[in-house]
Amino acid sequence: DARVTQTPRHKVTEMGQEVTMRCQPILGHNTVFWYRQTMMQGLELLAYFRNRAPLDDSGMPKDRFSAEMPDATLATLKIQPSEPRDSAVYFCASGLGGGGAEAFFGQGTRLTVV
Amino acid sequence: AQSVAQPEDQVNVAEGNPLTVKCTYSVSGNPYLFWYVQYPNRGLQFLLKYITGDNLVKGSYGFEAEFNKSQTSFHLKKPSALVSDSALYFCAVSASLRSGYSTLTFGKGTMLLVSP
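So the protein sequences, as listed, match chains E and X.
For what it's worth, the working numbering labels the leading residue of the first sequence as 1, then goes sequentially.
For what it's worth, the working numbering labels the leading residue of the second sequence as 1, then goes sequentially.
With the rest of the complex left out, here is chain E (with noise of 0.2 angstroms):
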């Protein structure tokens, strides 16, 4: 049964250090999205990638958080230096690509920063 996986499913870290975040898409998907999910702001689209390539990344905030796609199963998103606001669940999904596909989401990461 095809799914996005997500590692690790929680985390907890201290403020200031490095967190990272992996997913492996669905085989075969050419577009990973990464979501952030907060009781306040809802979901935001934080990077999407089509092929590999970063296609919108304006909703991830450039001077801690950066996403990357070492190759076509791994995607990861990594926060320097993490701070308590940074405090939510991280969604990775993937999807064939288009606007009418829709897109298969992992479990999710919960992080807690203190």
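Hints were generated in silico from the structure; no laboratory data involved.
Some clues are possibly wrong.
[To be verified] Quick list of the computed label-pair ranges, beta carbon to beta carbon:
#	chain 1	residue 1	chain 2	residue 2	range
1	E	S87	X	T20	29 to 35 angstroms
2	X	N30	E	R110	35 to 41 angstroms
3	X	P7	E	R52	27 to 33 angstroms
[As the list claims (entries may be wrong)] Selected chain X positions facing chain E (Cβ under 8 angstroms, derived; list incomplete):
#	residue
4	K58
5	T103
6	M111
[What the hints assert, rightly or not] If you only want the chain E side, here are some residues facing chain X, beta carbon under 8 angstroms, derived:
#	residue
7	G16
8	F33
9	L43
10	L45
11	Y48
12	P54
13	D56
14	F65
15	E68
16	P84
17	F91
18	G100
19	A103
20	F104
21	Q107
Keep in mind the model is a prediction, meaning the values are calculated, not measured.
Heads up, the beta-carbon is just placed ideally off N, CA and C, and yes, glycines get one too.
Use these hints to put chain X onto chain E, whose structure you have.
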């Protein structure tokens, strides 16, 4: 810029009654509309989508949605609610643009509570 509005934070309905979760959207270009459901501590799960054609779209678990272009709405419906339908529901939109396709923009979500 595209946007989605879900005017109700919460919808309460009794089991067996019909349910409606409202969604309106704003985009430039032809819209592609989606509904997702999120259960506690889980990722979003795709329910249904409208691309083109018939305005009434049928999806998973007995859900359907009606696209109304003049009202820019895409309300989610189900004829008979189940307690197990209780979850957080998200409407989302993307669009076909001259430059390609826009990304997926989500509404803030509507919590559906179905009472026994």
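Checked hints:
At roughly 34 angstroms, the beta-carbon separation of S87(E) and T20(X) lies within the given 29 to 35 angstroms, and the hint holds. At roughly 36 angstroms, the beta-carbon separation of N30(X) and R110(E) lies within the given 35 to 41 angstroms, and the hint holds. Roughly 38 angstroms separates the CB atoms of P7(X) and R52(E), a value that falls outside the hinted 27 to 33 angstroms. Among the interface hints, the one on K58(X) is violated; its C-beta lies about 15 angstroms from the nearest C-beta in chain E, farther than the 8 angstroms criterion.
Checking T103(X) against chain E by beta carbon gives a least distance of about 5 angstroms; that is within 8 angstroms, so the hint holds. Because the beta carbon of M111(X) sits about 12 angstroms from the nearest beta carbon in chain E, more than 8 angstroms, this interface hint is broken. The beta carbon of G16(E) comes no nearer than 28 angstroms to any beta carbon in chain X, farther than 8 angstroms, and the hint placing it at the interface is violated. At a threshold of 8 angstroms, the smallest CB-CB gap from F33(E) to chain X is about 7 angstroms, leaving the interface hint in force.
With a cut of 8 angstroms, the hint placing L43(E) at the interface with chain X holds, because the nearest CB-to-CB distance is about 4 angstroms. With a cut of 8 angstroms, the hint placing L45(E) at the interface with chain X holds, because the nearest CB-to-CB distance is about 6 angstroms. Satisfaction of the interface hint for Y48(E) is found here, the shortest Cβ-Cβ separation to chain X being roughly 5 angstroms, below the 8 angstroms cut-off. Evaluation of the P54(E) hint against chain X yields a violated restraint, the C-beta minimum of about 12 angstroms exceeding 8 angstroms.
The interface hint given for D56(E) holds, since its Cβ lies 6 angstroms from the closest Cβ of chain X, which is under the 8 angstroms cut-off. The beta carbon of F65(E) comes no nearer than 17 angstroms to any beta carbon in chain X, farther than 8 angstroms, and the hint placing it at the interface is violated. For E68(E), the shortest C-beta to C-beta distance to chain X is roughly 18 angstroms, which exceeds 8 angstroms, and the interface hint is violated. Given hint, P84(E) at the interface with chain X, is violated; its Cβ is 21 angstroms from that chain's nearest Cβ, farther than 8 angstroms.
Restraint check, F91(E) versus chain X: the minimum CB separation of about 6 angstroms is within 8 angstroms; hint holds. Using the Cβ-Cβ criterion of 8 angstroms, the hint placing G100(E) at the interface with chain X is satisfied: the shortest such distance is roughly 4 angstroms. Of the supplied interface hints, the one on A103(E) holds, with its beta-carbon coming within about 6 angstroms of a beta-carbon of chain X, less than 8 angstroms. The beta carbon of F104(E) comes within 7 angstroms of a beta carbon in chain X, closer than 8 angstroms, and the hint placing it at the interface holds.
Given the 8 angstroms rule on beta carbons, the hint for Q107(E) holds: about 5 angstroms separates it from the nearest Cβ of chain X.
Going through the hint list in order, the structure does not satisfy hints 3, 4, 6, 7, 12, 14, 15 and 16.
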